[in-house]
Amino acid sequence: MIRAPGRATSRSDSLLFVTCLVLSAGALALPDRYSLSLGTTLRRTALRPFIWTQERAEEGRTSRARFQAVQAERDSAALAAQSMAALIAENSRLRALLDLKARTVGSAVPAEVLHQISPTGGRTLLLSVGAGTGVRAGDPVVSPEGLLGVLLSVDTKSAVAMTWAHPDFRVSAVTEDGSVLGIAAPSLNTEASQSFLEFRGVAYRDTVATGTLVMTSGLGGVYPKGLPIGRVVGLGREELGWERVYRLAPLANPGHVAHVLVVRTPAGLEPVP
Amino acid sequence: MSPRRGDGRLLLGFLLLFALHFYVRPRVFDGRAAPDFLLCALLLIAVRARPGLAAVAGFLVGLASDVLTPAAFGAGALAHTIVAYIAAWGREVFFPDNLVVIAGLFAGGVWLRNAIVLLASGTPSSQLASALLVWAPLQALTTAVAGLVLLYMFRDWFAIRIES
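Protein sequence lines correspond, in order, to chains S and V.
To convert, note that position 100 of the first sequence is 188 in this note's numbering; the numbers rise steadily by one, no gaps.
To convert, note that position 99 of the second sequence is 101 in this note's numbering; the numbers rise steadily by one, no gaps.
It is possible that part of the hints are untrue.
[Claimed, not checked] Heads up, incomplete: computed chain V residues facing chain S, CB under 8 angstroms, no partners named:
{"hint": "1", "residue": "ASP68"}
{"hint": "2", "residue": "THR83"}
{"hint": "3", "residue": "GLY110"}
{"hint": "4", "residue": "ALA138"}
{"hint": "5", "residue": "PRO139"}
{"hint": "6", "residue": "LEU143"}
Derived by calculation from the structure, the hints in this document are not laboratory data.
A virtual CB, placed ideally from N, CA and C, is assigned to each residue, including glycine.
Using the sequences and the accompanying hints, generate a full structural model.
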């Protein structure tokens with residue numbers, strides 16, 4: 089039974105409260121590498137049973153409601169794969185003609201997204217994939233729709249990914265035809281209920297039509313070339329006559345994605361965190 | 003009901019809330035407005051404990067939240083500490099054994115927690131407005147409803163004396 093009111097708040101209560109506030113403020117001021125390391129340790133130890141429980145729940149949901157969606161995606165992938173053999177052969181012939189080295193191919197590891205309830209939940213995602221599968225911090229994370237983000241930290245059983253909605257997210261981008269280069273970053277001027285990206289750094293002389301697909305350029309060494317990021321939905325702003333900033337509707341939604349692929353950096357190459 | 007039996011039921015009640023949060027919620031609810039059973043558990047602890055202990059419980063729950071969504075490490079700990087302390091302190095002002103008061107406690111707790119997390123994590127003002135005026139009230143509502151249903155079904159476990 090709840091105790092009756094009337095007890096005065098003691099000095100020790102205030103002291104405990106202030107101590108917790110100071111510790112929280114300290115955690116906020118902690119550099120990322122320490123906070124990620126602390127988080128990894130806690131996920132590996134104290135929070136392991138809870139994460140394990142949630143992984144089972146996600147598996148359960150997958151095996152029922154998501155089955156048809158996954159089946160449809162698999163059918164689409166199978167259809168697209170039918171033309172792969174011809175493309176690979178053509179690509180090999182062209183590379184041989186140009187005397188180019190074989191293309192570096194990265195493999196991917198599937199992972200389930202363990203969604204958390206937090207107002208900032210979409211900025212980072214907890215994934216059910218660990219270091220045992222060969223993934224490392226800095227590896228790109230993609231969904232069937234397109235680029236989702238990059239791994240921030242990896243422990244033995246789980247990993248944390250920073251999504252495109254995180255204010256620190258940046259990716260070197262290019263239009264589908266390769267004519268316009270820029271940087272994709274989250275937009276600060278977000279509409280009431282929809283998050284957008286910005287395609288920044290586009291030279292003033294270049295124009296990008298609405299509906300153009302924007303992909304990763306492969307520059308910078310973090311993301312492989314050709315991952316879809318989003319579609320241009322209009323001109324955002326112009327910076328003093330030398331740069332255009334376009335609004336980009338992202339293809340992948342971190343809030344609803346259930347499964348992702350972590351693209352492993354090929355052996356011999358170090359991921360850039 | 004003996005004190006030991008009452009404590010056992012209370013413990014079962016909290017285990018139920020943890021199971022709901024980590025097992026049932028991911029299977030049933032999808033999206034930002036899903037009810038937060040962990041905050042319900044925290045507030046139920048807070049109204050039973052001294053404010054200092056409630057703050058410590060809030061800090062630990064918040065730290066767990068930060069570890070699972072490290073967008074702004076420490077923001078969750080700060081928010082849960084403040085919410086739990088206010089809930090415990092608020093017991094001096096009201097006696098939370100009424101459905102409407104408990105609903106208000108759950109809803110207000112969720113909204114305040116979200117507001118502090120958003121502010122502490124440096125959310126841009128344009129996103130802040132929609133998060134505080136749309137998503138936070140929706141989550142507050144779902145949490146209040148889910149919490150009330152649970153309290154009504156398991157009122158003996160949580161030893162809440164609900165007034166008709």
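So which hints don't hold here, by number, going up? 3, 5 and 6
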